[in-house]
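Line order of the protein sequences matches chains A and B.
For the first sequence, the numbering used here gives the first residue as 1, with consecutive numbering after it.
For the second sequence, the numbering used here gives the first residue as 1001, with consecutive numbering after it.
Calculated from the structure, these hints are not laboratory results.
It is possible that part of the hints are untrue.
So, partial list: chain A residues that the calculated Cβ filter (under 10 Å) puts toward chain B [claimed, not checked]:
(1) Glu-13
(2) Gly-31
(3) Val-42
(4) Gly-225
(5) Phe-229
(6) Val-260
(7) Glu-282
Keeping only pairs whose Cα atoms sit at most 27 Å apart, straight-line, the calculated DSSO-like set for lysine-lysine is [claimed, not checked]:
(8) A:Lys-273 with B:Lys-1012
(9) A:Lys-291 with A:Lys-389
(10) B:Lys-1289 with B:Lys-1269
(11) B:Lys-1052 with B:Lys-1012
(12) B:Lys-1052 with A:Lys-316
(13) B:Lys-1066 with A:Lys-266
(14) B:Lys-1012 with A:Lys-316
(15) A:Lys-283 with B:Lys-1052
The structure presented is a predicted model; accordingly, all values stated were derived computationally and were not measured.
C-beta: ideal position from N, C-alpha, C; glycine also.
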Amino acid sequence: MFESLPHHFKKYELAADVRTLILLRKSFEKGLINTLGDIYIVLKGIIVKSPKEIGPFATAFYDYFLNIKINKNENLDNAIARSDAFKEWLDNLNDEERWDDKNDMRDFINKFLDEVHLTTFDIERVIQGEDILKNDDPNMKDDNPQTEFDSNRRITKMADYSNLSLEELRRRMEQVAKQQKSRHEGGSHWIGAYGNSPYGHGGAAKGGIRVGGAGGGKMARAVIGDPNFYPVDKKQLLKDDNMDAALASLKGIEEETAEVVLDIEKTIQQGLKEGGIFLPYEKEKLHQKLKVLLLIDNGGYSMYPYVQSVQKLFSKMKTRFAHDLKVHYFHNTIYGGIYEDAARRKFMTIKKLIQLDKNYCVFILGDAAMAPYELDQHSQDDWKQLKKKFKKIVWLNPVRPKMWNYTLTTQWLGQIFSMYPLTPQGIEEAVLKMNQQGKIIQ
Amino acid sequence: MAHTEMWLGSEKYLCDMELAHAFHMARVLGMPLLIEGEPGTGKTELPLQYAKDSNLELFVYPVGSKSTVEQFVAKFDHVKYLRDSQIEVLNAQREEKGLEKKLSTGGRSTENLDDYVLMGPAAKAYSNDHSVLLIDEIDKAPREFPNDLLYALSHRKFVMPESGKVIETSEEKMPAIVITSNREQELPTAFKGRCIYHYIAFPPPETMREIIFKHFPKINDQLLEKSITIFYQLRHLGLERAPSTRELLNWLKYVNYFKPKDAIQKVEKLEGIGALIKTQMDLERIKRKFNK
């Protein structure tokens, strides 16, 4: 069942596959799913793997199960209000509910959301609490802070599938999903229309049943449109808001981890002292610390906006990972050395620079654009020396890759170094490349 | 699992509905629950409080940068084993020489390899039915750790090193496994795929009020409102390190020592703000902002 589901969710760049279906099936068998609200919760647990996926997930869910299309920058309420599913649901409301003068559109949408996100647990709670509810005066709202909010909202029609057999339930859900795709009939089948409320006869149904506010609908509403729950555009140039994504990519730089190994020397020494009784001694394998060398082109206005964000990025990394970070500067290209300070007063010869440990990861940051005569043979040789010395070395370029071919010097430097755009994605690729380079020397 | 009823939190712990659902689902499906979220939002508290509230045995594995699956599951103590076997040789030699006194192996026998297996929290949790296993801060682990762990967890079965003893559990009796992460490192996709995922969003003021009530049932209303307002103001300043729930509770713990009237004043004057703000830059920024 739901064979088309993985395909549909993949369109929203979510990882859904056969395993998703198997888990969904298992959830059905274990009785986790009886309502649409349950499906929302279960699928979310299975599919969503990062807060950035919650937004796309909610969008995909509303599209697949209710045929409600949420446009970019649109909030959930508006999307619902113009959907067929909602209109049909409204049509199916009985007159009493519809002409209740307290209800305005927002109340209807709240109610609709409540029904969409109604879970088995809500139903169980209502059934268990039946007596309490009957005796409970609905006008008394503030007696219990737990159910305080939402206490005005009730569900009159509750889709209770608990009497159905598993097979029947599945068949029905499948059928509805199909119908919704082909006939654009809206989602009311899911919610309400099939519902044979356990309160169908008798007093409680008239007044409706109070929902405790599982918050599913509320959460979905909060999620839609909140940038915190959507993926970062990894192809954008490095800025403050995608800093974290870039940081995540930077963390991919491989570090050797600590291992305990047999200390052969000490074992033999001590064993001889003990007269031939060899007790093994262990020692920690020294772990290679991450060392980063940052060479920044800070000359000229073209580079100015990037210098700061890059420094911030690497210093952020430093606070989270204790490591050795060196930052040096140059202007356009290097002639025999680099500068130790941003003002470019303290010169450091290239000879001194290449005396550094060869395990440094070197990031060169610059636009690589200059007059061809500036990048003369000497300067090119200097770059090549660096390349020879440091195996883990990449160039990050803030200029869009499309433009690289228009500048001669960029092409030349691009031949010496692997060059990547200064975007979270570019950094990610650079780090991958760097790890490969590291492997080769080992 | 037998313990599959929904758990909604305890007196001290407010389990938000979404989290409760995810935790429930993980237990029903017999999968680990992976919780991510800002520090101080109660990720670690969930299994601790659940175990306490439901009277279940709890096993904790705090992950560090040197964690290995061996520590987590079980390790064979080669050093002890070698020592004991050499002691046996020594004892035999002593016997030959006619010496009475023997060296002790502390009750261990080299014949019985199980004596030298040091069980880690995972093996212990799997040998106790219906326990709770917490793997805390997995993002601190070396990169290969989550994948190794995955293999160990997905088989519901551990083979003890050297001794070959098998520790096995059934889907009904397996421990409720909770894994927490602060997102300092992206976890492998395959690993996440085997877990039920939940992200704890930062609680809105209404929820925060309930959380505070759980900890300070008798708190003064005005004090509560004031501190919540200030807390969310601080959070919206875009500080380098935004204060979290845990820190708000600590701050309230401090001001709550005083009489309500004094306490409100203290809150207004941002006294004891060190409980909330942890970097010098942020502190200076707040001072400028609030003109104090």
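Distance restraint between B:Lys-1289 and B:Lys-1269, which requires alpha-carbon spacing of 27 Å or less: holds, 13 Å
Take the shortest C-beta to C-beta distance between A:Gly-31 and chain B; is it under 10 Å? holds, 8 Å
Need the status of pair A:Lys-283, B:Lys-1052: alpha-carbon distance at most 27 Å? Given that 27 Å is the threshold and the Cα spacing comes to 39 Å, the pair is violated.
Does the CB of A:Glu-13 sit less than 10 Å away from some CB of chain B? violated, 13 Å
Is the interface hint satisfied for A:Val-42? The criterion is a beta-carbon contact with chain B at less than 10 Å. Check passed: Cβ of A:Val-42 comes within 6 Å of chain B, closer than 10 Å.
Given the hint that B:Lys-1012 pairs with A:Lys-316, test it: the Cα-Cα distance must not exceed 27 Å. Not satisfied, since the Cα-Cα distance of roughly 35 Å exceeds 27 Å.
Would you check the hint for B:Lys-1066 and A:Lys-266, treating anything up to 27 Å between C-alpha atoms as holding? Satisfied, since the Cα-Cα distance of roughly 23 Å is no more than 27 Å.
Within 27 Å, alpha carbon to alpha carbon, are A:Lys-291 and A:Lys-389? holds, 14 Å
May I ask you to test the interface hint for A:Glu-282 with respect to chain B, counting a Cβ-Cβ separation under 10 Å as satisfied? holds, 8 Å
Quick check on the hint: A:Gly-225 CB to chain B CB, less than 10 Å? This interface hint is violated because 14 Å lies over the 10 Å limit.
Hint check: is the beta carbon of A:Val-260 less than 10 Å from a beta carbon of chain B? holds, 9 Å
Measure nothing beyond the straight line between the CA atoms of A:Lys-273 and B:Lys-1012; if it is 27 Å or shorter, mark the hint as holding. This hinted pair is violated, its Cα atoms lying about 58 Å apart.
This entry does not satisfy hints 1, 4, 8, 12, 14, 15, going by the numbered hints stated previously.
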